[in-house]
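Peer 1: Read off the chains here:
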Amino acid sequence: MSPVSPMQIPLASFGTFDQFRDAASTGAAAIDTLYFWILGICAFFFFLIVAVLVAFIARYYARPGHVEQHTPHHDNRLEALWSIIPSFIVVALFWYGVLFYLDLRTPPENAYEIQVVAKKWNWSFMYPNGVVDPNLHVPADRDVRLVMSSDDVLHSLYVPAFRVKMDVVPGRYSELWFNATTPTESFDPAIDPSTTGADENGYDLFCTEYCGQGHSAMIAKVVVHKSGTFETWLAEAARIDPTSSPAELGEKIWKQRGCSQCHSVDGKASTGPTWQGTYGTEQKTDKGTVKVDENYIRESILNPMAQIRDGFKGVMPSYQGQLKDAEIAAVIYYMKKLSAEADSVPATWEDAGGVPGQEEGEGSAEGVDTSPGDGLDAGEPIPAEEQTPADKPDSEEAAAEKMDVEEPKTGEQPETDDAETATES
Amino acid sequence: MISQSREHSLLQAIAEDPSRKVFIPQGRSYLANPPGMTFWQAVSSWAFTLDHKRIGVMYLCGVMSAFLLGGIFAGAVRLELWNGTPGLFHDNVQQAQDFYNQMFTLHGAVMTFLFIIPSIPAALGNIFLPMMLGAKDVAFPRMNLASFHLWCIGAVFFLITLLTSGLDTGWTFYTPYSTSTQTSVIFATMGVFILGFSSIFTGLNFVVTVNTMRPKGMTWFKMPLFMWGIYSTAIIQVLATPVLAITLVLLMCERLMGIGIFDPALGGDPVLYQHFFWFYSHPAVYIMILPGMAIISEVIPVHSRKHIFGYTFIAYSSVAIALLGFLVWGHHMFTSTESKLAAVIFSALTFTVSIPSAIKVFNWLTTMYKGSIHLTTPMCYALAFIVQFTIGGLTGLFLGTLATDIHLHDTYFVVAHFHYVMMGSTLIAFLAGLFHWWPKMFGKMYSELWGRIACLLVFIGFNTTFFPQFILGTRGMPRRYAAYKPEFQFLHQLSTSGYVILGVGFSLAAAVLIYSLFRGKKAPDNPWGAATLEWKCCSPPTTANFEIQPWVGSPYVYDDFVYDPDEGGYVEVLPDLHRSGKTADAPAAPVTH
Numbered sequence: 001m002s003p004v005s006p007m008q009i010p011l012a013s014f015g016t017f018d019q020f021r022d023a024a025s026t027g028a029a030a031i032d033t034l035y036f037w038i039l040g041i042c043a044f045f046f047f048l049i050v051a052v053l054v055a056f057i058a059r060y061y062a063r064p065g066h067v068e069q070h071t072p073h074h075d076n077r078l079e080a081l082w083s084i085i086p087s088f089i090v091v092a093l094f095w096y097g098v099l100f101y102l103d104l105r106t107p108p109e110n111a112y113e114i115q116v117v118a119k120k121w122n123w124s125f126m127y128p129n130g131v132v133d134p135n136l137h138v139p140a141d142r143d144v145r146l147v148m149s150s151d152d153v154l155h156s157l158y159v160p161a162f163r164v165k166m167d168v169v170p171g172r173y174s175e176l177w178f179n180a181t182t183p184t185e186s187f188d189p190a191i192d193p194s195t196t197g198a199d200e201n202g203y204d205l206f207c208t209e210y211c212g213q214g215h216s217a218m219i220a221k222v223v224v225h226k227s228g229t230f231e232t233w234l235a236e237a238a239r240i241d242p243t244s245s246p247a248e249l250g251e252k253i254w255k256q257r258g259c260s261q262c263h264s265v266d267g268k269a270s271t272g273p274t275w276q277g278t279y280g281t282e283q284k285t286d287k288g289t290v291k292v293d294e295n296y297i298r299e300s301i302l303n304p305m306a307q308i309r310d311g312f313k314g315v316m317p318s319y320q321g322q323l324k325d326a327e328i329a330a331v332i333y334y335m336k337k338l339s340a341e342a343d344s345v346p347a348t349w350e351d352a353g354g355v356p357g358q359e360e361g362e363g364s365a366e367g368v369d370t371s372p373g374d375g376l377d378a379g380e381p382i383p384a385e386e387q388t389p390a391d392k393p394d395s396e397e398a399a400a401e402k403m404d405v406e407e408p409k410t411g412e413q414p415e416t417d418d419a420e421t422a423t424e425s
Numbered sequence: 001m002i003s004q005s006r007e008h009s010l011l012q013a014i015a016e017d018p019s020r021k022v023f024i025p026q027g028r029s030y031l032a033n034p035p036g037m038t039f040w041q042a043v044s045s046w047a048f049t050l051d052h053k054r055i056g057v058m059y060l061c062g063v064m065s066a067f068l069l070g071g072i073f074a075g076a077v078r079l080e081l082w083n084g085t086p087g088l089f090h091d092n093v094q095q096a097q098d099f100y101n102q103m104f105t106l107h108g109a110v111m112t113f114l115f116i117i118p119s120i121p122a123a124l125g126n127i128f129l130p131m132m133l134g135a136k137d138v139a140f141p142r143m144n145l146a147s148f149h150l151w152c153i154g155a156v157f158f159l160i161t162l163l164t165s166g167l168d169t170g171w172t173f174y175t176p177y178s179t180s181t182q183t184s185v186i187f188a189t190m191g192v193f194i195l196g197f198s199s200i201f202t203g204l205n206f207v208v209t210v211n212t213m214r215p216k217g218m219t220w221f222k223m224p225l226f227m228w229g230i231y232s233t234a235i236i237q238v239l240a241t242p243v244l245a246i247t248l249v250l251l252m253c254e255r256l257m258g259i260g261i262f263d264p265a266l267g268g269d270p271v272l273y274q275h276f277f278w279f280y281s282h283p284a285v286y287i288m289i290l291p292g293m294a295i296i297s298e299v300i301p302v303h304s305r306k307h308i309f310g311y312t313f314i315a316y317s318s319v320a321i322a323l324l325g326f327l328v329w330g331h332h333m334f335t336s337t338e339s340k341l342a343a344v345i346f347s348a349l350t351f352t353v354s355i356p357s358a359i360k361v362f363n364w365l366t367t368m369y370k371g372s373i374h375l376t377t378p379m380c381y382a383l384a385f386i387v388q389f390t391i392g393g394l395t396g397l398f399l400g401t402l403a404t405d406i407h408l409h410d411t412y413f414v415v416a417h418f419h420y421v422m423m424g425s426t427l428i429a430f431l432a433g434l435f436h437w438w439p440k441m442f443g444k445m446y447s448e449l450w451g452r453i454a455c456l457l458v459f460i461g462f463n464t465t466f467f468p469q470f471i472l473g474t475r476g477m478p479r480r481y482a483a484y485k486p487e488f489q490f491l492h493q494l495s496t497s498g499y500v501i502l503g504v505g506f507s508l509a510a511a512v513l514i515y516s517l518f519r520g521k522k523a524p525d526n527p528w529g530a531a532t533l534e535w536k537c538c539s540p541p542t543t544a545n546f547e548i549q550p551w552v553g554s555p556y557v558y559d560d561f562v563y564d565p566d567e568g569g570y571v572e573v574l575p576d577l578h579r580s581g582k583t584a585d586a587p588a589a590p591v592t593h
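Here the protein sequences come in this chain order: A and B.
Residue numbers are given in my numbering: position 405 of the first sequence equals residue 405, and the series is strictly consecutive.
Residue numbers are given in my numbering: position 180 of the second sequence equals residue 180, and the series is strictly consecutive.
It should be emphasised that the hints constitute simulated quantities derived from the structure, not laboratory data.
Yeah, the Cβ is synthetic: ideal placement off N, Cα and C, and Gly gets one too.
You may find that some hints are simply not true.
Beyond 12 Å from chain B on every Cβ pair, some chain A residues (computed) [as the list claims (entries may be wrong)]: (1) VAL132; (2) ARG145; (3) THR182; (4) PRO183; (5) SER186; (6) GLU248; (7) ILE253; (8) TRP254; (9) THR285; (10) LYS287; (11) ASN295; (12) ARG309; (13) ALA329.
Simulated restraints on C-beta separations [stated by the list, open to error]: (14) B:ILE259 x A:THR285: 22 to 30 Å; (15) A:LYS268 x B:LEU79: 24 to 32 Å; (16) A:HIS73 x B:TYR563: 20 to 28 Å; (17) A:ARG77 x B:LEU266: 55 to 63 Å; (18) A:VAL50 x B:PRO35: 47 to 55 Å; (19) B:ASP566 x A:HIS66: 20 to 28 Å; (20) A:LEU78 x B:LYS222: 18 to 26 Å; (21) B:SER45 x A:THR285: 55 to 63 Å; (22) A:LEU78 x B:LEU266: 55 to 63 Å; (23) A:LEU78 x B:LEU256: 51 to 59 Å; (24) B:GLY267 x A:HIS73: 54 to 62 Å; (25) B:ARG519 x A:PHE312: 54 to 62 Å.
Throw the hints in and build the complete structure from the sequences for me.
Peer 2: See the structure below:
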């Protein structure tokens, strides 16, 4: 992370010549060392070969008076020598490559587990308490294991700063683990990850298996939370404020669950139709004309191939089993709000008949263990009630959206603060 | 037409050794048609010719057109990447992404299947393999023609793909994306399927030709190394290509009929497709590079005036690479959820391929030791090959080593690595061969000065294009991305600038060759003093190649060849009997209707 933007000085990124991004995981150092060893071996042989080549040309180029001289046509000792020396080198490379690879591919026991779902063209990271986030949030200095699956085609999860990569394959689970060492300095979820500089605003997380149109925009951020603050983030993320409006939740889902990749809310057509002013209109599809109502939207979310709007390709993945009914309802409210029927959208969850998935007035993550497994260094497990204050003021959630990860929250949440102190001690 | 004196010496030679095979002398260049032919007769005399040289020339025109097309697609890819955000050609991001995805796919597919696989074996191999054997043609001339016609049909399928909805799967056709995308996957895979048969036909023909048609005295270890390379390649073509054909048929079955083979939604396995695909496509990498190495093994000794060093090691290393090449496909799949054990085994096998490749480089270098190095255009390309192949080969160590591969897999590092091997090596070797054999093929000499300037531009352009991509890759730039982080802009723009230099270099090289056809000096029969048999006939050869079967000597002993300034080329001190006069009656200039 260079302080000077390379865009301003074109040579800056070349001049500093840092071969890698800064390593930010426990496994990265070994891989970097091996990389530089190979680089050294390659440089040695390359310059040797080029030096011999240039010397021969300079010494033996055809010129008047110069004649070739006969030399032996073969020399078994020489051939053996230059077969055996490289063999020893490649055996050594193979051996160290395997050692570090086995480390890279063998997750330690008790690693904190996060479920990853990849689909065209976004990532969903699911935490043990049910939180789903488009960015990967992990605690620092802790083994994290990702269990990954794909909803449609092949993807591949790649975090260059951690030197890890694994394909995400439909129809099976793949796994990946790392232990992040360097906490993210600051993180703002509102910034589009594909527009930031490398490893700015969180570490880059790329899709590296070609997956179609939006492949190059399938970028998320890895936010490494300083020890202890991860639990705070997780509890915050789990909370739905009962006084907020369903349409706001719909908007949040639109942002976080990948809808915004293809559906605009400003009237511009993208990969998919815009949501602005669509609700309640008549639209032509490959199966005839359809009125965009609750049922059509629900069908489009759960079974997108059933009816495809004219002028668009059928590329949307199904959200079957990934959005709860109440979340689908929230999306529909949000679309209504963007249409002529904006007036009919309820202002709060109370008006809409309660917060989805929770009893009225209670925290969403009640009874769900948000602590990252039992391998935590901290002494005591944190009681679930303490982590999820149900009676937080409205502004808290907005504040949590744009948070400074390194700065632990103070004052307003005494219980959480205690938990943090316990974790850090 | 054959001159009186030459006919006399021929008859004399036959009288002295009746065991020598005599071909019907025609005395006319294979490029020229008999006078009085109508235009359409002339066209069909080319389109339905059984002459391996004419088929080779048609292949040359075909693969060069494909190369031009693929090069234009590459230019679109590089220009699109001038800016970090998609949209140099389009205002709309989605359209720009679609455009980029189509361009890199078509670039890869056209270059791989239409250009680089047939380039050296089907064009240069077709022309020179029979001539190196002192033979009149390949074993199965009709099959050879069928192979070219299949290539044309395959190319037509690619054109249909282009003109319908294009292709955006990547040249690898990975499932399940390829079974779900809306683009013309069926036309493209049909094209590749047909091209596969073209490749099998060529390979089969060459295997039989080398096995059965070697002349008396040419034992396996007296063959020119070019033949060893082509022979090893032909074996891979025959054994590996059917697997690709089957895989693509399965892909079409899944896409058209919904039979679940690779798509997990239908009960299939997408990783199975990768195994099938790379079981062909890794050996295919050696289909591309082995003939390139084979050309270098010819060019370096001739232009250094030195016997090749370590003949048997080079010959065996070609066979070793061909065989080991079948066992390393899993290294394309180190991150594909393949098991740890499989990854370790494939990594070990991958390293074994590096040794025969290294042996070749050391042998080429030693060949030049104490030689007389003529920096002709083909030799300049051969030297560029050694430098670039060294980089391509050495960077393979990063990718064969498991731990470092995980970071570099599917990044620009891999893009740079395979372009160094495929383009920096195979294509450069192809150009070395083209310039080396051009006087023989068309009977014309090109401008050495401009040829070398073009070679220098290609060398600079290539390295400017692809070396920055190694750095992009280690810094974590994924491949097949229509957009990139702002930090990467300088390296991407450097790469695109390299493309422009490369384009100028290739255009100049093409201009030098085409100009020579019209204004070039008449080529002598043996401009470089090479000892392989193809130089023992006229430039350009007659339809029958040789009037009489040439004597087989060592292909790498140059002592008997002396430069003759009057001839502008080399003549044998003890000429073969049928070459009584050094001013052999030359056939007419190449056809220009």
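Peer 1: Hint by hint, note whether the structure agrees.
Peer 2: These are the hints, each one checked on the structure:
no.: 1; hint: VAL132; result: 22 Å, holds
no.: 2; hint: ARG145; result: 15 Å, holds
no.: 3; hint: THR182; result: 16 Å, holds
no.: 4; hint: PRO183; result: 20 Å, holds
no.: 5; hint: SER186; result: 18 Å, holds
no.: 6; hint: GLU248; result: 27 Å, holds
no.: 7; hint: ILE253; result: 22 Å, holds
no.: 8; hint: TRP254; result: 18 Å, holds
no.: 9; hint: THR285; result: 16 Å, holds
no.: 10; hint: LYS287; result: 17 Å, holds
no.: 11; hint: ASN295; result: 24 Å, holds
no.: 12; hint: ARG309; result: 14 Å, holds
no.: 13; hint: ALA329; result: 28 Å, holds
no.: 14; hint: B:ILE259 x A:THR285: 22 to 30 Å; result: 28 Å, holds
no.: 15; hint: A:LYS268 x B:LEU79: 24 to 32 Å; result: 25 Å, holds
no.: 16; hint: A:HIS73 x B:TYR563: 20 to 28 Å; result: 23 Å, holds
no.: 17; hint: A:ARG77 x B:LEU266: 55 to 63 Å; result: 59 Å, holds
no.: 18; hint: A:VAL50 x B:PRO35: 47 to 55 Å; result: 54 Å, holds
no.: 19; hint: B:ASP566 x A:HIS66: 20 to 28 Å; result: 22 Å, holds
no.: 20; hint: A:LEU78 x B:LYS222: 18 to 26 Å; result: 22 Å, holds
no.: 21; hint: B:SER45 x A:THR285: 55 to 63 Å; result: 57 Å, holds
no.: 22; hint: A:LEU78 x B:LEU266: 55 to 63 Å; result: 57 Å, holds
no.: 23; hint: A:LEU78 x B:LEU256: 51 to 59 Å; result: 57 Å, holds
no.: 24; hint: B:GLY267 x A:HIS73: 54 to 62 Å; result: 60 Å, holds
no.: 25; hint: B:ARG519 x A:PHE312: 54 to 62 Å; result: 57 Å, holds
No hint from the list above goes unmet by this structure.
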